[in-house]
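K.L.:
According to full-length UniProt numbering, the sequence shown is numbered sequentially starting from 1.
There could be a bad hint or two in this list.
Cut-off 25 Å, straight-line C-alpha distance, at most; resulting in silico cross-link-like pairs (PhoX-like, lysine-lysine) [said to hold, decoys possible]:
#: 1; residue 1: K74; residue 2: K130
#: 2; residue 1: K137; residue 2: K123
#: 3; residue 1: K6; residue 2: K47
#: 4; residue 1: K74; residue 2: K137
#: 5; residue 1: K80; residue 2: K137
#: 6; residue 1: K6; residue 2: K69
#: 7; residue 1: K69; residue 2: K80
#: 8; residue 1: K74; residue 2: K47
#: 9; residue 1: K110; residue 2: K123
#: 10; residue 1: K110; residue 2: K137
#: 11; residue 1: K47; residue 2: K80
#: 12; residue 1: K130; residue 2: K69
None of these hints come from the bench; they were simulated from the model.
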Amino acid sequence: MAVLLKDAVQPNLMQTLEGTPVMVHAGPFANIAHGCSSVVADLIALKLVGAEGYVVTEAGFGSDIGMEKFFNIKCRTSGKIPDAVVLVTTVRALKMHGGGPSVVSGQPLKPEYTEENLDLVQKGCVNLEKHVSNGLKFGVPVVVAINAFK
Numbered sequence: 001m002a003v004l005l006k007d008a009v010q011p012n013l014m015q016t017l018e019g020t021p022v023m024v025h026a027g028p029f030a031n032i033a034h035g036c037s038s039v040v041a042d043l044i045a046l047k048l049v050g051a052e053g054y055v056v057t058e059a060g061f062g063s064d065i066g067m068e069k070f071f072n073i074k075c076r077t078s079g080k081i082p083d084a085v086v087l088v089t090t091v092r093a094l095k096m097h098g099g100g101p102s103v104v105s106g107q108p109l110k111p112e113y114t115e116e117n118l119d120l121v122q123k124g125c126v127n128l129e130k131h132v133s134n135g136l137k138f139g140v141p142v143v144v145a146i147n148a149f150k
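Can you build the whole structure from these sequences, using the hints too?
P.N.:
Structure, rendered in structure tokens:
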């Protein structure tokens, strides 16, 4: 069994549908671990892209658990600090955090989510502002990306 699994601990180089290279390695969920890919994968990726390239690494579960574990565990262990934090949200998530109704799997979305509702978006931005504030506490710039469903 050990012979079969000897390479299983190595990072995997994969490719997205858009052709972007991806290192996949040890990304357990933040509720039971640190929730980040491995330091080894990041170091290999940094070496592959060189000084002019960039590496994006994920820290799941929001800034209240994922980002904090990323900075307090992974960054301290690796000695690496990111150049920026990118918070990814959706308009749907902003509406949900703004008091919108629950989204239930297998059921159609409520009109609050399918129609423009700036009031819910604005109320949801309070939650987003807190995540931005959490990121700024680590001394790096924070960028907000809004993911679009298509």
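K.L.:
For K69 and K80, compute the direct alpha-carbon distance and say whether it is at most 25 Å.
P.N.:
holds (14 Å)
K.L.:
Hint check: K110 vs K137, CA-CA at most 25 Å. Holds or violated?
P.N.:
violated (36 Å)
K.L.:
Mind checking the alpha carbons of K110 and K123 for me, to see if they're no more than 25 Å apart?
P.N.:
Roughly 18 Å separates the two Cα atoms, so the pair holds.
K.L.:
Within a Cα-Cα threshold of 25 Å, do K47 and K80 meet the stated pairing?
P.N.:
holds (13 Å)
K.L.:
For K80 and K137, compute the direct alpha-carbon distance and say whether it is at most 25 Å.
P.N.:
holds (17 Å)
K.L.:
Run the distance test for K137 versus K123: straight-line Cα separation, threshold 25 Å.
P.N.:
Holds: K137 and K123 sit about 23 Å apart, inside 25 Å.
K.L.:
Need the status of pair K74, K130: alpha-carbon distance at most 25 Å?
P.N.:
holds (22 Å)
K.L.:
Tell me if the straight-line CA distance from K6 to K47 falls inside 25 Å.
P.N.:
Cα-Cα ~23 Å, so holds.
K.L.:
Under the criterion that the straight-line Cα-Cα distance not exceed 25 Å, is the pair K130, K69 satisfied?
P.N.:
This hinted pair holds, its Cα atoms lying about 17 Å apart.
K.L.:
With the threshold set at 25 Å, check whether the alpha-carbon distance from K6 to K69 stays at or below it.
P.N.:
Roughly 28 Å separates the two Cα atoms, so the pair is violated.
K.L.:
Just to be careful, I want the Cα atoms of K74 and K137 compared with a cutoff of 25 Å; is the pair within it?
P.N.:
holds (16 Å)
K.L.:
Run the distance test for K74 versus K47: straight-line Cα separation, threshold 25 Å.
P.N.:
Holds, at about 18 Å.
In terms of the numbered hints stated before, the structure departs from hints 6, 10, listed from lowest to highest.
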